[in-house]
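Asks: So the sequences go chain by chain: L and E.
With my numbering, letter number 25 in the first sequence gets 98, and the count goes up by one each step, no holes.
With my numbering, letter number 57 in the second sequence gets 64, and the count goes up by one each step, no holes.
What the hints contain is simulated information worked out from the structure, not anything from laboratory work.
Check each hint, because a few of them may be wrong.
[Said to hold, decoys possible] Listed next, with one range per pair, are the computed distances between beta-carbon atoms:
#	chain 1	residue 1	chain 2	residue 2	range
1	L	ARG134	E	GLY10	45 to 51 Å
2	E	ARG70	L	ASN130	27 to 33 Å
3	E	ALA103	L	PRO82	31 to 37 Å
4	E	GLY10	L	ILE126	28 to 34 Å
5	E	GLN25	L	THR99	22 to 28 Å
6	L	SER85	E	PHE67	48 to 54 Å
[Stated by the list, open to error] Straight-line distance between alpha carbons at most 27 Å, and here's what the computed DSS-like set of lysine-lysine pairs gives:
#	chain 1	residue 1	chain 2	residue 2
7	L	LYS141	L	LYS110
8	L	LYS144	L	LYS110
9	E	LYS20	L	LYS78
10	E	LYS20	L	LYS144
11	L	LYS141	L	LYS129
12	L	LYS78	L	LYS129
13	E	LYS20	L	LYS127
14	E	LYS20	E	LYS64
15	L	LYS110	L	LYS78
[Claimed, not checked] Which chain E residues stay away from chain L? Per the calculated CB distances, all over 10 Å, these:
#	residue
16	SER29
17	GLY47
18	GLN51
19	LEU97
20	ARG107
Since the model is a prediction, treat every value here as computed from it, not as a measurement.
All residues carry an ideal CB built from backbone N, CA and C; glycine is no exception.
Listed below, chain by chain, are the residues.
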Amino acid sequence: DQQVKQNSPSLSVQEGRISILNCDYTNSMFDYFLWYKKYPAEGPTFLISISSIKDKNEDGRFTVFLNKSAKHLSLHIVPSQPGDSAVYFCAASGTGFQKLVFGTGTRLLVSP
Amino acid sequence: KAGVTQTPRYLIKTRGQQVTLSCSPISGHRSVSWYQQTPGQGLQFLFEYFSETQRNKGNFPGRFSGRQFSNSRSEMNVSTLELGDSALYLCASSLAGQGRDTQYFGPGTRLTVL
């Protein structure tokens, strides 16, 4: 039972354009969401998070949007840079949870 | 502050053997979680330890076990290895392991079972 889904296994974007990575969840008890970025041969690194009391959180080039009614969140990267090429994981958690539930990841390729 | 470290980084074993992986969390972090990453499966939660106690466990067979020491360092053991156990094993630490704590990951141990 995949509670966090990233339906696009890969995404290709040109440098300077916007990258939009999507994530859907099924468990209405989730109230905290995170995005992690992972380069090959490295562990995932925390990128940005959002609490369910917000619908948007911004950090530099990265913005996460949360649509609770649709159980959907997205990560926007503007402008995209070649160094952003990595696998992006969406994760969910919440009060009472002692673990993160991860999606299967989306591989982003930003070409010059 | 030093990050999460995992040893060894790479490991090759044969079926039926057992393996022990080690994780040293960030100083001050008391929660350590273990994940298995395989292609197409994302990160699958194995278990979480806090103050030397296993608090949470994922859906993995009993061949997968772990422990945590008083200094918060953790080990994961897999017995009777199977080919399907080949994966990247990631350890993550956080302050208290509660839902909103950010987890910080180590570089992982790449296990290959032949």
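Asks: Going back to the hint list, which numbers does this structure go against?
Replies: 1, 2, 5, 6, 9, 10, 13, 17, 18, 19, 20
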